[in-house]
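**Q** So you can see what is in the structure, the chains are spelled out below.
Number of protein chains: 2
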Amino acid sequence: MDRTQLSLNTITVRSLPIDRVIELAESHGLGGIAPWRHQLADAGVEHVAKLARAAGLRVSSLCRGGMFTAPDAGGRAVAVQENRRAIDEAAALGADCLVLVCGPVVGKDVPGSWQMVADGIAAVADEAAAAGVRLAIEPLHPMMAADRSVVSRSEKAIDLHEDTGPGVGVIVDAYHVWWDVTLADAIRRAGSRIAGVHVSDWVSPLTGGLLAGRGMIGDGTIDLTGLVSRCRSAGYSGLVEVEILSDRWWAADPELTLTTLIDRFERCI
Amino acid sequence: MDRTQLSLNTITVRSLPIDRVIELAESHGLGGIAPWRHQLADAGVEHVAKLARAAGLRVSSLCRGGMFTAPDAGGRAVAVQENRRAIDEAAALGADCLVLVCGPVVGKDVPGSWQMVADGIAAVADEAAAAGVRLAIEPLHPMMAADRSVVSRSEKAIDLHEDTGPGVGVIVDAYHVWWDVTLADAIRRAGSRIAGVHVSDWVSPLTGGLLAGRGMIGDGTIDLTGLVSRCRSAGYSGLVEVEILSDRWWAADPELTLTTLIDRFERCI
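Listed in order, the protein sequences are those of chains R and P. The opening position of the first sequence corresponds to residue 1 in our numbering, with each subsequent residue numbered one higher. The opening position of the second sequence corresponds to residue 1001 in our numbering, with each subsequent residue numbered one higher.
Simulated from the structure, these hints should not be mistaken for lab results. All C-beta atoms, glycine included, are put in the ideal place defined by N, C-alpha and C. Heads up, a few of these hints could be off.
[Unchecked claim] Partial pick of chain P residues on the chain R-facing surface, computed with a CB cut under 7 Å:
| no. | residue |
| --- | --- |
| 1 | V1078 |
| 2 | V1101 |
| 3 | V1105 |
| 4 | V1110 |
| 5 | W1114 |
| 6 | Q1115 |
| 7 | P1142 |
| 8 | A1145 |
| 9 | A1146 |
| 10 | W1250 |
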């Protein structure tokens, strides 16, 4: 797939300041970037928005909102407030969506935690729509259910979308959902609700722990070509985000990481 | 839950020889054990069967058959042969079931690998039935899809069961399936097809890697009480197996591991 279809999630080269990431993305002819909120806090939202626009880069997503689950109502209200700030930032950036990492299981209660997520999204959905920001539920890998997201299956995320309104989409992140035998059906069913497609690979044995063990495109067991092509067939026409959280690639020269992932993106997807 | 309902999966105290495990299980008043095939290879199947019978212990399962996936037909045929041997051993032990760890994703093809599993089970189902051995598909955690089992969701394992005949059951292992928001429905639907219930806990952060990071009952985020009680309501009346693969507990005195898990079993489930 052509590099103009590639959006670089900035965590992939996290040692670089955001200004430099934008410079590199432009000079390599990429289609866009996907920054994280802590980078906006450091560099200033307006500054980043202006740089990206000047470089002709789309902002495929902002990472991240969500984290709606909490043991008590006070904690959940704080989360909703934080999501309001994230929505404002996504609007200022003109981001294609705000990624929602929905929040971990609390109180050993999986269905109850899903309900908290549904309530949290419902609490901010109108404001997001008014701000022109598309919320995008990202199902994470089930191994992250205790720490990051109770939402871990695409088809159930689509159900959640249906509960929370038409403005909300879903992210198909290959690393999180590749193992699911019903994935192709879920992608078909998601159709135009696919708000983003993220790629990296699954390498085993997993090193770097659950969070930072992702593999370079093409190094692992995921049929990335099939996954991206199914998302395209289902109607997704946006950029494909490369998001590699990896101790191995973080230790490498970030420009090597970047040229490697561009090469793999063009050859393997 | 009373300890007479507890079956000790021998991997939990893997430093002990099987004779000693049987002795301890009897002296602590447990209901049964679940050995692994390599222990039978060392000690002799008939010897283990005789000791367990003499101690009044059920054999809740034999670990393990399966591993049906392979890139080529030759590899798959070898797997079928190996399952025939496992069936003979399970029959000699009078085990309640033979656990099937179905085999990893091969060729980046998740649905194709499921089909290999279905074919493999179909190839041995009649022989298992003739030998009086119940085959039990164990969905593993999705994080093990690349290494151990493409079968990773209870509800899909039940579909697989339906494809492979009425003699085949499913294992509900809390560690592997706790995160699934549809689990309660899957358990209800599984009903009398539940061939075994395994317990351990999910602790985070995960230490000991994907394989040996399980937690002691009660130390983690799984609603074990709810899970076991739902399996009972669905009709499962067999023993509840404690299977804790844990670097931490393997490093402890195995008799401490045993008394701890019995105490937790009686207090937390």
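**Q** All hints, please: hold or fail.
**A** Each hint tested on the structure:
no.	hint	verdict
1	V1078	violated, 22 Å
2	V1101	violated, 15 Å
3	V1105	holds, 6 Å
4	V1110	holds, 5 Å
5	W1114	holds, 5 Å
6	Q1115	violated, 10 Å
7	P1142	holds, 4 Å
8	A1145	holds, 4 Å
9	A1146	holds, 4 Å
10	W1250	violated, 18 Å
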